[in-house]
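S.K.: Kindly produce the complete structure, drawing on both the sequences and the hints.
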Amino acid sequence: MQHSALTRGIIICHRCEKPASIKQDGQPCPRCGTHIHRRKRHSVAYTWALLLASMIMLIPANLLPIMTFKSLGKGDPATIMQGVLQLLEHDMLGIALVVLTASIIIPVMKVIGLIILLLTVQLGWTTNVRQKMLMYHFVEWIGRWSMLDIFVVAILAAIVQLGNLASVTGNTGATAFAAAVIFTMLAANCFDTRLIWDKHLEQLEVFP
Amino acid sequence: MTDRDLASTQPGKFWVCPECDLLMNRRAIPNRHEAHCPRCQSLIVSSKRHSIEWTLALALAGLILFFPANLFPILTLTTLGLSQSETIFMSVTALYDSHLFAVSALVLMSAIVVPLMKLLLMAYLSGCLLFHKPAPLLSWAMRSYQQLDSWGMLEIYMLGILVSIVKLVDVADVTPGIGLYSLAGLIIVTLLTSTQLDRHRFWRRIEQLERR
Ligand SMILES: [Zn+2]
Ligand SMILES: [Zn+2]
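Those sequence lines, one after another, are chains A and B. Each residue of the first sequence is one higher than the one before, starting from 1 at the first, in the numbering used here. Each residue of the second sequence is one higher than the one before, starting from 1 at the first, in the numbering used here.
Don't take every hint at face value.
As the list claims (entries may be wrong) - Chain B side only, calculated, beta carbon under 7 Å to chain A, not exhaustive: (1) M90; (2) G160; (3) V163; (4) I165.
Claimed, not checked - Derived DSSO-like pairs (lysine-lysine); straight-line CA-CA distance at most 30 Å: (5) A/K18 <-> B/K48; (6) A/K23 <-> B/K48; (7) A/K23 <-> A/K40; (8) A/K18 <-> A/K40; (9) B/K48 <-> B/K13; (10) A/K199 <-> A/K23; (11) A/K199 <-> A/K18; (12) B/K13 <-> A/K40; (13) B/K13 <-> A/K23; (14) B/K133 <-> B/K48; (15) A/K199 <-> A/K40; (16) B/K13 <-> A/K18; (17) B/K13 <-> B/K133; (18) B/K13 <-> A/K199.
Stated by the list, open to error - Here chain B is said to cover these stretches of chain A; the calculated rule only asks that three of the stretch's residues, wherever they fall, bring their Cβ under 8 Å from a Cβ of chain B: (19) 7 to 19; (20) 27 to 34; (21) 79 to 93; (22) 142 to 148; (23) 156 to 167; (24) 175 to 182.
To be clear, the hints were calculated from the coordinates, so they are not data collected in a lab. In this text, a Cβ means the ideal position worked out from N, Cα and C, and glycines have one as well.
M.R.: Okay, structure coming up:
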């Protein structure tokens with residue numbers, strides 16, 4: 001039988017991973033000064049809140065234009081999807097796929113992944129626990145790469161400043177998109193994977 | 001004494017998996033070896049040879065590369081006799097000029113401030129640990145480094161540069177500058193720093209120094 005440290009009265013500091021006795025729950029870690037908690041506090045509620053915020057921000061992020069490319073005075077503001085379609089029109093399939101993946105596929109997959117993980121904890125879907133851990137690590141690692149489109153707007157707006165000949169400006173969709181990315185990164189940080197194992201062990205006791 | 005009391009009176013004799021909370025007996029890990037959690041397979045300890053020496057060298061190399069990467073142009077665009085260069089800071093000001101203040105602050109943080117802070121913190125920390133010098137703010141430096149770790153996004157900025165180059169090939173000539181090569185070096189050094197960092201060893205050393 002594999003034991004959870006908590007059932008043996010041991011908790012760890014989540015910053016420096018120093019083990020401590022359960023009596024130190026809520027007190028500062030003797031090594032790094034971070035407050036020790038047996039589990040990340042309000043993990044499920046905070047993760048849901050940040051996840052909902054990011055889902056809401058994804059709507060304006062996709063509907064509002066993120067940048068305007070003007071060439072010889074002509075050019076309209078374009079949304080993320082219009083940017084991808086413009087790349088396809090210019091036969092740049094590879095780069096269109098990179099942008100589509102980073103800006104649309106990854107954010108949607110992250111949201112779905114976190115919802116599955118939250119429901120795992122809340123409803124006790126603890127089959128394939130190891131796959132769920134992989135899913136969490138994937139969501140956590142991939143999250144930052146959605147910032148790609150923000151950096152592309154930043155770089156193009158800086159370099160394409162040739163007066164009337166060609167110019168690029170950023171639009172408000174970029175703010176909504178950046179907020180959505182930040183909220184999902186924070187949501188992944190708030191989630192505590194140990195809750196999945198707690199639930200798993202709890203169910204093993206009931207149905208051994 | 002029950003099992004439970006025995007364990008909780010000597011927490012230092014154990015390892016706890018931070019991902020799944022499995023309790024393990026603590027054991028020595030030889031250099032260049034790793035220990036994974038038997039239950040969830042996440043990495044518990046990755047013992048590096050000369051971890052402190054390497055992170056100090058890499059952080060100093062990164063600090064040297066930081067300046068050309070930020071001062072020299074990354075890309076230069078030329079068309080019909082007009083030309084325009086770009087540095088990382090200019091992409092921050094361009095967003096500011098587009099009235100995207102929050103996004104411009106975010107780019108400033110993730111592409112300039114956080115990468116620089118990470119290098120400074122690591123150079124200070126590994127320098128103090130290497131020379132066994134009890135100095136103020138050691139555990140603060142390590143804690144801040146770990147918190148900032150995923151908010152430095154230079155490698156994503158680099159991918160953004162590549163996408164921008166491809167987007168601009170039809171429009172104008174784009175030539176890479178010294179800044180781009182320095183940035184590539186800086187990204188490699190930053191990534192190597194985080195792989196060479198043996199966080200358990202660092203925390204143990206910090207604890208020894210601060211106890212004195
Ligand atoms: Zn601690
Ligand atoms: Zn584990």
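S.K.: Now look at each hint and say whether the structure bears it out.
M.R.: Going down the list of hints, with the structure as the test:
The interface hint given for B/M90 is met, as the beta carbon of that residue sits about 4 Å from the closest beta carbon of chain A, less than 7 Å. The beta carbon of B/G160 comes within 3 Å of a beta carbon in chain A, closer than 7 Å, and the hint placing it at the interface holds. A hinted interface residue such as B/V163 counts as satisfied when its beta carbon comes closer than 7 Å to some beta carbon of chain A; here the least separation is about 5 Å, so the hint holds. This hint is violated: B/I165 has a C-beta 9 Å from the nearest C-beta of chain A, more than the 7 Å allowed.
Distance check on the hinted pair: A/K18 and B/K48 sit about 19 Å apart at the alpha-carbon level, within 30 Å; holds. Between A/K23 and B/K48, the direct Cα distance comes to roughly 33 Å. Violation of the 30 Å bound is thereby established for this hinted pair. With a CA separation close to 17 Å, the supplied pair A/K23 and A/K40 stays within the 30 Å bound. Taking the CA atoms of A/K18 and A/K40, the gap is near 15 Å; set against the 30 Å cutoff, the hint holds.
Among the hinted pairs, B/K48 with B/K13 is consistent with the structure: their alpha-carbon atoms are about 22 Å apart, no more than 30 Å. For the proposed pair A/K199 and A/K23, the alpha carbon gap of about 23 Å is at most 30 Å, so the pair holds. About 24 Å separates the Cα atoms of A/K199 and A/K18, which keeps this hinted pair within 30 Å; it holds. Of the supplied pair hints, the one linking B/K13 and A/K40 holds, its CA atoms being roughly 23 Å apart against a limit of 30 Å.
Proposed proximity of B/K13 and A/K23 is supported: the alpha carbons are some 17 Å apart, at most 30 Å. Note on B/K133 and B/K48: the hinted pairing holds, with a Cα-Cα distance of about 21 Å set against a maximum of 30 Å. Of the pairs offered as hints, the one joining A/K199 and A/K40 holds, with about 15 Å between alpha carbons and a cut-off of 30 Å not exceeded. Between B/K13 and A/K18, the direct Cα distance comes to roughly 11 Å. Compliance with the 30 Å bound is thereby established for this hinted pair.
As the CA atoms of B/K13 and B/K133 are separated by approximately 27 Å, the hinted pair is consistent with the 30 Å bound. Between B/K13 and A/K199 the CA atoms are separated by roughly 26 Å; this keeps the pair inside 30 Å, and the hint holds. Using a Cβ-Cβ cut-off of 8 Å, 12 residues of the region 7 to 19 of chain A lie near chain B, which meets the minimum of three, so the contact claim holds. Three residues within the 8 Å Cβ limit are the bar, and the region 27 to 34 of chain A against chain B gives 4, so the coverage statement holds.
With 3 residues having a beta carbon nearer than 8 Å to a beta carbon of chain B, the region 79 to 93 of chain A meets the requirement of three or more and the stated coverage holds. With a threshold of 8 Å between beta carbons, the proposed coverage of the region 142 to 148 of chain A by chain B holds, since 4 of its residues qualify and at least three are required. Proximity of the region 156 to 167 of chain A to chain B, defined as three or more residues with a beta carbon under 8 Å from a beta carbon of that chain, is established by the 10 residues found. Counting residues of the region 175 to 182 of chain A whose CB lies closer than 8 Å to any CB of chain B gives 4, which reaches the minimum of 3, so the coverage claim holds.
Violated hints for the displayed structure, listed by number in ascending order: 4, 6.
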